[in-house]
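Undergrad: Since the structure of chain H is already known, use the hints to place chain B on it.
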Amino acid sequence: MTTADDHITIRPPSAWQRMMANGQLRMLVIFVPPAIVVFTIFVMLPMLQAGFFAPYKWSGYGPAPWAFNEDTGRDFGTWIGAQNFDRFSGHSAFQTAFKNTILVIAVSLIIQLPIALLLALMIYNNSRINTVFRLIFFLPYIMAEVATGLIFSFVLDGNYGLSKWISDLMGMEEAFFPLAEKPWAFYSILAVIVWKYFGFHMMIYIAGLQSISREMLEAASIDGAKTVQKAVYIQIPLLWPAITISIFYSVLGGLQVFDLVMPMTAGGPSNSSHTLVSYLYNFGFIRLNVGFGSAVGVFLFAVGVIFALVYRNTVQRGQ
Amino acid sequence: MRTKLISLMAATAISIPTVLVAEEVKVLSIVTNRAGEVEYIDRVEKAFEAANPGVDVIVEYMDDESFKVKLPTLLQSKGKPDLFFSFSGGLVAEQASQGVLRDITDYAESTGCAAMHGEGGKNAYSVDGKLYGLPMYASNVALWYNKRLAAEAGINPEEIKTWDDFLGQVETAKASGIPPVIIGAKDKWPVMFYHAMLADRIMGPDGYAKAVAGEDGGFASEAWVETARQLKRLGDLEPFQPGYLDTTYDKTQTLFGDQKGIFMLMGEWLVSAQRATATDGKGMTNEEIGVVSFPVVEGGAGNPKATYGGMNGWLVSAGASDTAVDFLCHYVGTENQTEAGGLGFFLPMAIGADELVEDSHNKWSAARLGESSGHTVFDQNLNPAIAAVQLDIAVDLISGAVSPEDAQDLMEEERQLQ
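Listed in order, the protein sequences are those of chains H and B. For reference, each letter of the first sequence is one residue, going 1 to 319 in full-length UniProt numbering. For reference, each letter of the second sequence is one residue, going 1 to 418 in full-length UniProt numbering.
Source of the hints: derived by calculation from the structure; they are not laboratory data. The structure presented is a predicted model; accordingly, all values stated were derived computationally and were not measured. There may be inaccurate statements among the hints.
To be verified - Once the Cα atoms are required to be at most 27 Å apart in a straight line, the calculated BS3-like pairs of lysine-lysine come out as:
| id | chain 1 | residue 1 | chain 2 | residue 2 |
| --- | --- | --- | --- | --- |
| 1 | B | Lys174 | B | Lys210 |
| 2 | B | Lys26 | B | Lys46 |
| 3 | H | Lys99 | H | Lys182 |
| 4 | B | Lys70 | H | Lys57 |
| 5 | B | Lys80 | H | Lys164 |
| 6 | B | Lys78 | B | Lys68 |
| 7 | H | Lys182 | B | Lys174 |
| 8 | B | Lys147 | B | Lys46 |
| 9 | B | Lys174 | B | Lys147 |
| 10 | B | Lys147 | B | Lys26 |
| 11 | B | Lys26 | B | Lys68 |
| 12 | B | Lys260 | B | Lys147 |
| 13 | B | Lys122 | B | Lys26 |
| 14 | B | Lys46 | B | Lys80 |
| 15 | B | Lys161 | B | Lys188 |
| 16 | B | Lys188 | H | Lys182 |
| 17 | B | Lys161 | H | Lys57 |
| 18 | B | Lys260 | B | Lys282 |
| 19 | B | Lys188 | B | Lys232 |
| 20 | B | Lys282 | H | Lys57 |
| 21 | B | Lys188 | H | Lys164 |
| 22 | B | Lys282 | H | Lys164 |
| 23 | H | Lys57 | B | Lys78 |
| 24 | H | Lys164 | B | Lys174 |
| 25 | B | Lys260 | H | Lys182 |
| 26 | B | Lys210 | H | Lys57 |
| 27 | B | Lys68 | B | Lys80 |
| 28 | B | Lys210 | B | Lys130 |
| 29 | H | Lys182 | B | Lys232 |
| 30 | B | Lys232 | B | Lys174 |
| 31 | B | Lys161 | B | Lys282 |
| 32 | B | Lys78 | B | Lys26 |
| 33 | B | Lys210 | B | Lys188 |
| 34 | H | Lys99 | B | Lys188 |
| 35 | H | Lys57 | B | Lys80 |
What the hints assert, rightly or not - To give an idea of the chain H side of the interface with chain B (calculated C-beta under 8 Å), a few residues:
| id | residue |
| --- | --- |
| 36 | Ser59 |
| 37 | Gly60 |
| 38 | Gly158 |
| 39 | Phe177 |
| 40 | Ser270 |
Note that beta-carbon positions come from the ideal geometry of N, C-alpha and C, so glycine has one too.
Pulled out of the complex, with its shape left as it was, chain H reads as follows:
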């Protein structure tokens, strides 16, 4: 005879127990602390520092703007509140840099990503020739940004570069100096950005396309779907998660463009080709206005974070 008390209740293991059992906890203990330490030291602390420096006029000398300088009898920096933010928001070079950054993002989204998608659709199938093309298209991405910038500053030089050779070949009386012309300088940088990064996005799309079920495409073919119809109605919709990641990288990458600008134009002529980061570097750090540069950095960080949060909670929600 058994009673109800004799029943043994088997409770499902808690999340903690499951983690202990399958070794996840050990992995967390080993791998998470170093990542947190590195992230804190190299990302969070500098960001926080920039936030603290932003309300000061400070040259960067001394441990902190609020530290006392015994040699001068006053602090290393001067508290100026929101003045740094006021200054850059009203500065024409900042406004140009902001417009240019928007332009980088727009060109990335409107020109670069469609090119990458088109090429990915053309060469995603595994074959020898496609592998060769993938490598060729991906090569610009492998090159270091500064090296790319230097190479293009030589290519576009009308005195000794490829631009002179082409100008001579076309019988032009005077060589073309795109980086010396205000209307052309930033467009030249944009062209290099498209050239350099389309391969990266193409590879994201190729990975996505290769994960799409072949049976589905074959079924569509049997139903009479043409290549374009398969791309528009099957592949691109199924590729949407990869496309959203690609857009995410494009926008955040666009906010960070710097390494190409410095060797190509250094922000010139007449500050017409600055991006937000090259503006920050030139007007903040080169001029020993660390407080001012920090204020621009805070703005840039805020734009990036707001975009990331909004994007993750709208476009990428549920992915």
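TA: Only chain B this time, still in chain H's reference frame:
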């Protein structure tokens, strides 16, 4: 035997730290493009190490831009250099006030090191009577020209006395189809030379001091606007080589050596630099290059004998050892500077070090500095932020991107923010 072995081990143990703990003197220099100078510095370094056993002098080189940007952080780090290159000017006062420099006044006096340099040079490295470093060489900015191209263009630069004379010759040269002026506007500072020298010729030595003090409208005064107007007159003639806004200073050396234009406003270092960087590896000989002083502006208060250029040298960072100062004294002392002058690297500042200077153009520059009524150092003690605006507006003026009035307003606005 055992005792001997222990003694040997003990002796070794004692001697190892002596070898390992050699005193280091870290020197941070900007990259030099004067042929043979790095080897010369190596010799100076080795000689000092030989005379001071246990001392290891380490010289590191950095390009100008990286040097300027990294210096504030470097000087506050544990890996800071003991000695670092300096263009002198306003930044020395900024660095001194922030406590990153060592006051070497007493030490340099006691070792006789200070006595090897004249007051003018030492003043460039002094703040409020305290000496923080020592000068190495001075430079004189002047109008260099290509004699052959000038003759082909039908001009005689020797006749240039006034700014109008210069503009007239530029116009004539332009009509001949030869680019009259080579300029590296991408780096901005070569254009700033014109703005600064015009300011000196129009206002005299007080122009900067008054503007910095905010007198008569500061940098937006009528005299400063007139300076900007005169520079714009040059820009309006469109006298520069094609693509000048995308041309760095380094490239202009090559262009000058390759004979792509007539005039170039630059320091005397251009003569050797164009030879080192010309496409044919030779460039022009001294005889093929002419030079005239920067012209006066008619009606200006400036002295035609006033000179403009660098007063470059070395600063001693806070906490640097006496040995580091000793090395500096050795490096910029009369003996080594005499050799550097003889090798044609620069115009040495140590007293009596110019006796071996043989280069004709270096001699010409030395003579101009010798008879100078006042030597204006590049940024004339401007705060780095104001100096940066001066760089910006100089380029904007010659390219027509800004009016003279607006340009000087920008400079004044920056001054008021300091």
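Undergrad: None of the hints should be skipped; say for each whether it holds.
TA: Against the structure, the hints:
| no. | hint | in the structure |
| --- | --- | --- |
| 1 | B:Lys174 x B:Lys210 | violated (37 Å) |
| 2 | B:Lys26 x B:Lys46 | holds (14 Å) |
| 3 | H:Lys99 x H:Lys182 | holds (14 Å) |
| 4 | B:Lys70 x H:Lys57 | holds (19 Å) |
| 5 | B:Lys80 x H:Lys164 | violated (44 Å) |
| 6 | B:Lys78 x B:Lys68 | holds (18 Å) |
| 7 | H:Lys182 x B:Lys174 | holds (23 Å) |
| 8 | B:Lys147 x B:Lys46 | violated (42 Å) |
| 9 | B:Lys174 x B:Lys147 | holds (16 Å) |
| 10 | B:Lys147 x B:Lys26 | violated (44 Å) |
| 11 | B:Lys26 x B:Lys68 | holds (17 Å) |
| 12 | B:Lys260 x B:Lys147 | holds (12 Å) |
| 13 | B:Lys122 x B:Lys26 | holds (22 Å) |
| 14 | B:Lys46 x B:Lys80 | holds (22 Å) |
| 15 | B:Lys161 x B:Lys188 | holds (26 Å) |
| 16 | B:Lys188 x H:Lys182 | holds (16 Å) |
| 17 | B:Lys161 x H:Lys57 | violated (45 Å) |
| 18 | B:Lys260 x B:Lys282 | holds (15 Å) |
| 19 | B:Lys188 x B:Lys232 | holds (15 Å) |
| 20 | B:Lys282 x H:Lys57 | violated (49 Å) |
| 21 | B:Lys188 x H:Lys164 | holds (23 Å) |
| 22 | B:Lys282 x H:Lys164 | holds (23 Å) |
| 23 | H:Lys57 x B:Lys78 | holds (25 Å) |
| 24 | H:Lys164 x B:Lys174 | holds (21 Å) |
| 25 | B:Lys260 x H:Lys182 | holds (23 Å) |
| 26 | B:Lys210 x H:Lys57 | holds (24 Å) |
| 27 | B:Lys68 x B:Lys80 | holds (14 Å) |
| 28 | B:Lys210 x B:Lys130 | holds (24 Å) |
| 29 | H:Lys182 x B:Lys232 | holds (18 Å) |
| 30 | B:Lys232 x B:Lys174 | holds (17 Å) |
| 31 | B:Lys161 x B:Lys282 | violated (31 Å) |
| 32 | B:Lys78 x B:Lys26 | holds (12 Å) |
| 33 | B:Lys210 x B:Lys188 | holds (24 Å) |
| 34 | H:Lys99 x B:Lys188 | holds (24 Å) |
| 35 | H:Lys57 x B:Lys80 | holds (24 Å) |
| 36 | Ser59 | holds (6 Å) |
| 37 | Gly60 | holds (4 Å) |
| 38 | Gly158 | holds (5 Å) |
| 39 | Phe177 | holds (3 Å) |
| 40 | Ser270 | holds (4 Å) |
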